[in-house]
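Using the sequences plus the hints, can you model the full thing?
There are 2 protein chains.
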Amino acid sequence: MPTYTAPTKDMQFILHEVLNVSGSDIPGYDEMDRDTTQAILDEAAKLSENVLAPLNKVGDEQGCTLENGVVRTPEGFKAAYDQMREGGWIGLDCDPEYGGQGMPYLMNSAVSEMFVSANMAFNMYQGLSHGAISAIQTHGSPEQKAKFLPNMIEGKWSGTMNLTEPHCGTDLGLIRTKAEPQDDGSYKITGSKIWISAGEHDMTDNIIHLVLAKAPGGGEGTKGISLFIVPKFMVNEDGSLGERNAVSCGGLEHKMGINGNATCVMNYDGATGYLIGEMHKGMRAMFTMMNEARIGVGLQGYAQGAVAYQNALGFARERLQGREVTGVKNPDGPADPIIVHPDVRRNLLMQKSFVEGARAFAFWGAQMIDAAHRKGDKEADNMVSLLTPVIKGFLTDKGFETTVLAQQTLGGSGFTKEWGLEQFVRDARITMIYEGTNGIQSLDLVGRKLAMNGGKTIMAFFDMVKTFIKENEGNEALKAGFLNPLKKASKDLQAAGMYFMQNGMKNPHNALAGSYDFMHLFGHVCLGLVWSQMAKAAYASLESGTGDQEFYKTKIETGRFYMARQLPATALHLSRIETGADTVMTLEAANF
Amino acid sequence: MPTYTAPTKDMQFILHEVLNVSGSDIPGYDEMDRDTTQAILDEAAKLSENVLAPLNKVGDEQGCTLENGVVRTPEGFKAAYDQMREGGWIGLDCDPEYGGQGMPYLMNSAVSEMFVSANMAFNMYQGLSHGAISAIQTHGSPEQKAKFLPNMIEGKWSGTMNLTEPHCGTDLGLIRTKAEPQDDGSYKITGSKIWISAGEHDMTDNIIHLVLAKAPGGGEGTKGISLFIVPKFMVNEDGSLGERNAVSCGGLEHKMGINGNATCVMNYDGATGYLIGEMHKGMRAMFTMMNEARIGVGLQGYAQGAVAYQNALGFARERLQGREVTGVKNPDGPADPIIVHPDVRRNLLMQKSFVEGARAFAFWGAQMIDAAHRKGDKEADNMVSLLTPVIKGFLTDKGFETTVLAQQTLGGSGFTKEWGLEQFVRDARITMIYEGTNGIQSLDLVGRKLAMNGGKTIMAFFDMVKTFIKENEGNEALKAGFLNPLKKASKDLQAAGMYFMQNGMKNPHNALAGSYDFMHLFGHVCLGLVWSQMAKAAYASLESGTGDQEFYKTKIETGRFYMARQLPATALHLSRIETGADTVMTLEAANF
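If you're matching them up, the sequences are chains B and H in order. For the first sequence, full-length UniProt numbering assigns the number 1 to the initial residue and increments by one for each residue that follows. For the second sequence, full-length UniProt numbering assigns the number 1 to the initial residue and increments by one for each residue that follows.
Just so you know, these hints were derived from the structure itself, not from any lab. It should be emphasised that the depicted structure is a prediction, and the values quoted were computed from it without experimental measurement. Check each hint, because a few of them may be wrong.
One copy or two, either will do: identical chains are not told apart, so a pair holds if it fits within one copy or between any two.
[To be verified] Dumping the calculated SDA-like pairs for lysine to any residue here, alpha-carbon to alpha-carbon at most 20 Å:
hint: 1; residue 1: 57; residue 2: 75
hint: 2; residue 1: 281; residue 2: 417
hint: 3; residue 1: 9; residue 2: 42
hint: 4; residue 1: 9; residue 2: 592
hint: 5; residue 1: 488; residue 2: 578
hint: 6; residue 1: 506; residue 2: 326
hint: 7; residue 1: 417; residue 2: 222
hint: 8; residue 1: 156; residue 2: 239
In structure tokens form, the structure reads like this:
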């Protein structure tokens, strides 16, 4: 069975030596000194390692069952959920006014990485709640907040997001769920929603559904959509639970992975709902939560890679097979551990260098979310909007790839259920799909984000990279291994952007046929940047002679691997982009 | 539920217009005229589409069960197996002297692709038999052949290969299974083997196990290994079945995929075995079968990609979502089919251009096997030996990737069991692992095959590419889209080989740290070559105005996509290779 050890040391390095959180002027960050963050991470680590991780396989094997409308979660999930509630983890970054702990989103991200690595299917129950909490917090009336938030933030109630219908996922303008206004100001919601994660389960007293539906008088397509709160049990004036609402789970999806999470068909049969936010502005309400939700999925992607890597590494150190080609390394054993072999090391370093870079990238994104929300930093808000599809798309594609590489390290054992690596692969796979497929992320990036603010945000990104390189040019240690490859990669990204500018206007296909490659190109440059930042910090600590010197050396070597072996992919992506629409748009659909 | 349509048209194109089989001087090929191959392919298509494909999901869901030593295969497998037997498919390319049909290995490959696409887990039962038949055919005594082959070729009995033990897979020198000589010339075999595909099942009257074991007097490591025939039921002089041998299935593996195939722990408790081939030369006997087995696995890889692509394409044509950015394509519907979107087309073309290239590559490899075996063509034998690790490693890595891309085309539906795409992903995953992991393939390629015959074979490969380019330089249609990119890619491959020559001698790590990238670089050049050959044939048919003109145009466009969008990966692989051992070998194992 796989094991999990929370990477608190690496997290502390990023928080304090790379992002310098306690020195930041983002409100609330001043409290995040080393001891405080260490204490939080240690507590989350305990819960992850001892409670959640052992339930990961149980959840996969048992899955969820639906009987007479009741969904049963796997053995032990309810007890673990109660522990999570009691620890106050569900409201970690929520508004203290409603019972939250008021921590930065960044801390919540670090903690979430652990929870997801330990048990992704389990953590989705509270993860989805978190999205619903954000929606009510941002768009709810004072009455709605008071009515729903305290119990949701405490974890007594959970929440869901209901978007997809059988005939539409990406194209939400096509939804058919109807909202009929009632005399008392409420609405009757009727329709069927699918793929609703945690739509029904046995862990909380109530479930607060947020549902996209069409009320009369809106325009065609997405313009007619509004967002509604539909509780499973009606909530009385005094806060007690009333009668059951006309919403029910009509079926569970049988899936490739995340079996411990109930993916539900939800039927609304004239269920009572309450408008949240402005009428016919439901899509806008959804979009304001999207950055957070998508960064959360990006985090899931690399978090699965992280735990898979740990287990691959453990195997590679133990498994004896063959001899190191230049000389025996384990003379007392029948063979050497396979970690001596160059190709096994290459494979492990592909995993390690991605995971650690991804962690820094995601944490940086979370910090920008905090800057935007807590400080009103408009530039950070723009930057994180630009980077959100990259964090989601690139980190989940590469996170999945990492689980596949880790599985490969184990050879035949990786294919067996016994060793558990195959579950990481199956669970990670969904992250490339939900919360907008990665293809959709790439369209968002190229079709909307590049042009936002008249292109000023992408220019600000390039400036940031340029400035970093310039400011550190005197750092000889950093130059060859980091700054030079970063400069090269960044040039590739600029050239791709230039190609879109020059060719996308006359024919948008020229840009859209390259959107996916652009997303990956961008992701590599971001990881190249954060690796350079991490290397700079590590070199500084090496010079000052403080801290764990082996840790810093390892950090630099791992970064050098990324820059030498992974970053050069930018040239390939650029070359594909520059072929434009040619070869992609020629074939008739009938001839594929 | 997914569907399958056998690609007989594409197969005929490769057989006759690219490989020109009936014009070849390989003995037996003269009978392979268009009508004959069409008839064979059509029959295999019927069996695949109507019998095997509908059982694919059944096999996945039911899996195999072990009770009191008896393994039950999924419902319908036995009946399908009987149909396969009665059709004579099991002995299609086997020796007519023992009841085989004597067809070329190439025809068997084409037929196998269909069987594998339709139902990989099912086809493994006869696939493994095929390996055992080859072993006995090549290394068995006349008595052994007469005793075992007729029933195996007819499919009344099946066969297995027993190599792996719990503590060793790749490093077979470590095996512990013992063979003790008996007075009657037989051996008592004792030991435990794991991951034995089709080790026990209910489809045949007898199972003939081929087992690697150590007999006294051999050297250390692989030198002491011999190969033994161990029948499940003893075979009497008159051919009837005798008593049960002391071999039994001790357990079934629970796996990520190929659930319809029984992966067994096999226990040999002093079972009676018979030496096959020379004493202490068991490894050599295994190796002579390895090219075929590995090409067979490469075929499995792209065959899973092929069926996944078909189903992704079907979905992309049906699913209505969004509008084509430059203008509505389906004005009568609520949205356009997603195949209109550039990124969906890019994804589909990644799949299509790989699958069709892979098919041509695998068929070419099979043709060389025939040339080697039927004509004694030493050069073909060498060339296919060189290319075998590329066919196995590259086609399975990319085949798996293709199933993942296909799954992505379906968005959320791709993650559900209902649509079946996720099964192709899970089934394809094993092909990167078994029959030697792809890491091992890359070591075989760089560590052994490059240097074989003093490097003459790799030089012959380069000459072949060069000659093709030179001979067709006058073909303007071919030049820009095919010959130029092929030349560039081939130069990258040569540069990589040169790097190994110059740097691998002084430090083998410089070569081994790049072996995996070299395998992929090589694979791309091979697909670039076969795509150029296919394009040449298609252009010729377009010019002559014969045949299905749309087919040829599509072939050329698909090839242009490969050359423009996939082949440039060679430069990335070269750049990684040229970083050598640096960054791969520096870290201590303790610091990963």
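Verification of the hints:
For a Cα distance limit of 20 Å, the shortest separation of residue 57 from residue 75 inside one copy, 11 Å, qualifies, whereas the shortest one across copies, 28 Å, does not. Taking the shortest Cα distances, residue 281 and residue 417 never come within 20 Å of each other, neither inside one copy (46 Å) nor across copies (35 Å). In this assembly of identical chains, residue 9 and residue 42 lie within 20 Å of each other by CA distance solely inside one copy; the values are 10 Å within and 62 Å between copies. In the homo-oligomer, the alpha carbons of residue 9 and residue 592 lie at most 20 Å apart only across protomers (14 Å), although the nearest pairing inside one protomer, at 51 Å, exceeds that limit.
In this homomeric assembly, residue 488 and residue 578 come within 20 Å of each other (Cα to Cα) both inside a single copy, at 17 Å, and across copies, at 17 Å. In this assembly of identical chains, the alpha carbons of residue 506 and residue 326 lie at most 20 Å apart only when taken from different copies (11 Å versus 58 Å within one copy). Proximity of residue 417 to residue 222 under the C-alpha cut-off of 20 Å is found in neither arrangement, the shortest distances being 44 Å within a copy and 30 Å between copies. In this assembly of identical chains, the alpha carbons of residue 156 and residue 239 lie at most 20 Å apart only when taken from the same copy (12 Å versus 72 Å across copies).
Checked against the numbered hints given earlier, this structure breaks hints 2, 7; the rest are met.
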